[in-house]
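Residue numbers (my numbering), protein chains in the order written: chain F, 1 to 167; chain X, 1 to 795.
It cannot be assumed that every hint is accurate.
[Stated by the list, open to error] Pairs of lysine to any residue, SDA-like flavour, derived with a Cα cap of 25 Å:
id	chain 1	residue 1	chain 2	residue 2
1	F	Lys125	X	Ala449
2	F	Lys30	X	Met63
3	F	Lys30	X	Asp286
4	X	Lys16	F	Arg20
5	X	Lys566	X	Gly8
6	F	Lys125	X	Asp439
7	F	Lys125	X	Ala450
8	F	Lys158	F	Leu85
9	F	Lys30	X	Gln706
10	X	Lys566	X	Pro616
11	X	Lys781	X	Arg447
12	X	Lys562	X	Glu623
13	X	Lys123	F	Thr62
14	F	Lys30	X	Ser124
15	X	Lys14	F	Thr62
16	X	Lys152	X	Gln706
17	X	Lys90	X	Val475
18	X	Lys570	X	Lys303
19	X	Lys123	X	Val249
20	X	Lys766	X	Thr437
21	X	Lys16	F	Thr84
22	F	Lys125	X	Lys451
23	X	Lys107	X	Gln37
24	X	Lys245	X	Asp537
25	X	Lys123	F	Arg20
26	X	Lys14	F	Glu76
27	X	Lys14	F	Ser13
28	X	Lys90	X	Ala148
29	X	Lys562	X	Thr732
30	X	Lys303	X	Ala148
31	X	Lys14	F	Arg20
32	X	Lys16	F	Lys30
33	X	Lys562	X	Ser12
34	X	Lys123	F	Leu31
35	F	Lys125	X	Glu623
36	F	Lys125	X	Lys90
37	X	Lys766	X	Ala450
Hints listed in this document are in silico derivations from the structure and should not be mistaken for laboratory results.
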Amino acid sequence: MPQVTLTVNGKTSTVEVEGRTLLVELLREKLRLTGTHVGCDTSQCGACVVHMNGESVKACTTLALQADGASITTIEGLAKADGTLHPMQEAFREYHALQCGFCTPGMVMSAIDLVQKHPEGLSEKEIREGLEGNLCRCTGYHNIVKAIDAAQAVMHGKAASIAPATV
Amino acid sequence: MNVAPFEGIGASVKRKEDLRFLSGRGHYTDDINRPNQTYAMILRSPHAHAAIARIDTAAAAAMPGVVAVFTGADMPSIGGLPCGWQIHSKDGSPMQEPPHPVLAQGKVRFVGDAVAVVIAESKSQARDAAEAIDVDYTVLPAVASTEAAIAKGAPEVHDGVAGNICYDWHIGDPAVNAAAFVGAHKVVEFELVNNRLIPNAMEPRSAIGDFDPTTDEHTLYTTSQNPHVIRLLMGAFVLQIPEHKLRVVAPDVGGGFGSKIFHYAEEAIVTWAAARVHRPVKWTADRNESFMTDAHGRDHVTKARLALDANGKFLALHVTTLANMGAYLSTFAPSVPTYLYATLLAGVYTTPTVYAEVKAVFTNTVPVDAYRGAGRPEATFLLERLVDVAAREMGIDKVALRRRNFIPADAFPYQTPVALQYDSGNYQATLDQALVTADWAGFETRRAAAKARGRLRGIGISTYVEACGIAPSAVVGALGARAGLYEVGTIRVHPTGSVTVLTGTHSHGQGHETTFAQLVTEQLGVPIAQVDIVHGDTAKVPFGMGSYGSRSLAVGGSAMVKAMDKIVLKARKIAAHLLEASLDDVEFDPRAGAFRVAGTDKQKTWGEITLTAYVPHNYPIEELEPGLEETAFYDPKNFTYPGGCHICEVEIEPETGHVQLVNFTAVDDIGRVINPMIVEGQVQGGVAQGIGQALLEGCVYDADGQLLSGSFMDYTMPRADDLAPVSVATHTTLCTHNPLGVKGCGEVGAIGSPPAVINAVVDALKDYGVRHIEMPATPAKVWSIINAGLRLAAE
Ligand code: FES
Ligand code: FES
């Protein structure tokens with residue numbers, strides 16, 4: 001069986017996989033990192049989004065073999081070692097941007113990549129368009145959009161902390 | 001112990017559950033792996049209707065890693081999946097209830113029907129082997145729609161179920177109703193479809209069966225909204241496992257919306273198979289299996305007639321509905337188009353007589369059952385479209401016509417002609433508030449401005465009432481429910497004063513761990529950080545009926561309040577003993593966390609009392625048992641009746657027919673609000689699903705019963721850029737019969753919104769002679785109306 005060596009959340013592992021093994025299967029079943037979810041079989045929902053070499057990818061549509069030598073960050077690797085949340089995680093909590101939590105890991109990983117790719121800042125409309133690849137059935141997205149807006153201010157150094165929600 | 005007041009009832013406390021979900025530490029069924037686990041893959045029928053002559057599993061059984069292959073023939077003694085609600089037809093006969101086998105017995109009846117199961121060392125081995133099973137099908141003619149199913153000479157979905165009719169039911173007095181139409185100034189006739197929906201909770205269903213031969217105990221981990229109900233149904237009716245040998249665990253569940261209420265075949269298959277192969281068996285749906293096996297929602301075809309007098313007063317309503325049950329009766333399916341639909345047809349209006357006839361029909365499609373709102377969205381859509389049509393045809397302003405027919409605010413409790421008694425509400429107030437928030441008065445200016453930009457702008461309104469927390473048990477039993485609908489709460493106060501709450505409800509996104517903890521803070525004064533809510537495990541929680549129909553707070557929360565009443569009484573007795581005072585003189589102040597002798601400064605803290613309860617050295621041991629734990633079963637006296645007003649504003653691009661949502665206002669009366677942040681989120685999510693139904697979503701079968709909308713590429717789910725900000729506000733009248741005064745907020749969004757959206761679309765197209773547009777109002781439909789002369793003439 002082929003082997004894959006990859007660094008996930010700073011920890012390097014070598015894993016035996018089948019040629020057809022998906023990155024998300026490697027993460028969930030071999031490394032037991034179950035924070036990354038599978039919500040579909042057509043690459044539509046975004047529940048599986050992780051960062052590969054700093055960019056978001058759908059782990060359900062990436063073969064484990066393609067991740068050989070890569071550095072992967074999953075939702076489990078976002079918070080600092082002392083437990084301090086990433087501003088995006090904090091904003092999701094502050095703005096009640098999650099309900100059942102199933103879409104949340106992929107949503108957060110996609111949102112971080114979206115904000116990082118747009119240092120100039122995103123309008124509400126651009127945030128909505130940027131979430132095209134992520135489905136949420138619970139929230140109606142409105143609070144997710146607000147959370148991403150609040151997080152981008154912190155991520156771009158325009159605010160020191162997440163602006164408090166008003167409800 | 002001092003309690004910050006902002007954590008109690010009415011505070012937007014941030015959710016306790018969020019930290020684990022945001023860190024990837026959620027614990028969903030598919031995240032669980034049992035030692036020595038195997039994987040199940042289910043072979044499903046590719047045909048809507050076929051006879052099975054032979055299933056050859058030999059090749060599959062010989063494939064690498066295969067542990068076992070089972071078909072229906074291996075399960076002769078296994079019961080079918082039971083139905084939890086029995087309806088009787090007009091003539092008094094019980095509904096047709098054909099068997100619902102766990103694995104097909106000689107026939108398949110919908111695309112996706114389970115035929116065989118392979119159990120293997122890995123998921124991919126199980127998948128490979130399932131493909132090697134050879135099934136000899138003889139394809140039979142199928143019926144995919146209710147119209148096709150009741151047509152003369154239609155193929156029978158179940159042998160001996162004549163005309164595919166499950167039941168032919170009615171409510172109301174036909175003679176009184178017919179008489180009220182005689183001599184009416186105007187009768188508005190209307191026909192509409194309530195489009196079939198696929199729930200699509202983001203977490204696919206999953207189930208793990210585990211068996212311990214040393215104790216004979218079965219454990220099922222499952223994506224369920226009601227683990228105790230699954231234990232009851234599966235244990236008693238399917239597998240004959242007594243409750244004390246069957247544990248059902250529903251851990252974190254990634255959304256349900258009704259689809260995870262029901263007992264599904266896969267739960268029984270993995271539980272049964274685990275005991276056969278003596279290893280844990282895990283099954284997780286691929287999304288395509290979710291599309292073709294999760295119970296679908298809605299799917300009504302309805303004709304209605306509304307009689308009005310010259311002033312626009314409603315005189316009578318007559319409704320006939322065809323409701324699709326799918327191929328088999330899912331757990332609560334028969335109740336949806338009857339007691340959750342027709343009983344709501346008075347709506348918020350004083351219509352003196354309502355008569356409804358409902359035919360439930362079998363088809364070769366996935367079973368249809370409750371989906372967010374369940375019956376009430378169908379009733380609301382019908383009424384609120386009908387009222388708009390009537391207003392237009394009578395030349396009366398649509399808001400004025402509604403007001404003229406509203407149940408007055410001082411008329412509660414109000415007995416409707418279709419069985420329900422609304423306890424409280426104020427439809428005028430929610431309407432007034434919504435009109436102001438949505439700037440109804442300024443709309444024509446916005447319409448004109450849009451026109452100048454080449455856009456067609458429309459505004460739509462819906463005023464609705466719904467029924468939640470279905471109860472009491474005696475009444476629902478008389479109506480056909482085969483279960484009670486009470487709820488159970490246990491309050492376990494620990495020696496140092498922290499609290500564990502065991503509740504029979506289940507949280508799959510609703511935030512119970514926070515809201516319920518707020519109830520404890522309010523009543524016992526314990527900070528929410530020291531309160532844990534336990535749900536979803538039959539081994540931990542005494543009993544419960546689960547979460548659906550917006551019942552968790554109204555029924556489950558009330559059970560907790562009743563249990564806390566007992567806790568406070570017992571704690572006061574202990575305090576009275578320690579303070580050497582009489583019980584009547586001891587008051588509990590939860591904000592201060594103190595028991596005081598009235599009018600003195602003598603007091604004991606919460607912690608002193610809880611410790612004394614468990615270290616009873618100085619204790620009234622003759623009269624009082626030690627310990628501080630109480631349980632209450634709460635059986636409500638009535639349903640609760642949330643209501644309100646939704647207003648939607650859209651703009652249509654005539655060149656494309658694309659409907660853009662521009663404003664949405666919801667003003668809902670959900671009774672007392674515990675956590676405004678969570679309520680707002682629930683309403684926003686519900687409205688998004690309602691907008692999805694109105695503009696985007698529709699399940700499509702072809703005439704042969706093939707599911708055409710079987711993936712996220714074919715079934716349009718609402719995405720972030722399809723939606724617009726939703727303004728959510730509440731106006732409270734308290735529920736009069738539960739201790740919290742709460743009504744429920746989980747479904748109002750999905751119930752009130754679809755007619756508001758379609759009314760807005762029809763309003764935007766008012767110059768095109770459109771009387772109605774069926775959901776979903778896709779760009780293609782709208783474009784056709786605007787162009788090509790496909791204008792439906794206003795009758
Ligand atoms: S699991 Fe749905 S896009 Fe990857
Ligand atoms: S929070 Fe449930 S799917 Fe997004």
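Query - Violated hints - listed by number, lowest first - result: 4, 9, 15, 18, 23, 27, 31, 32, 35 and 36
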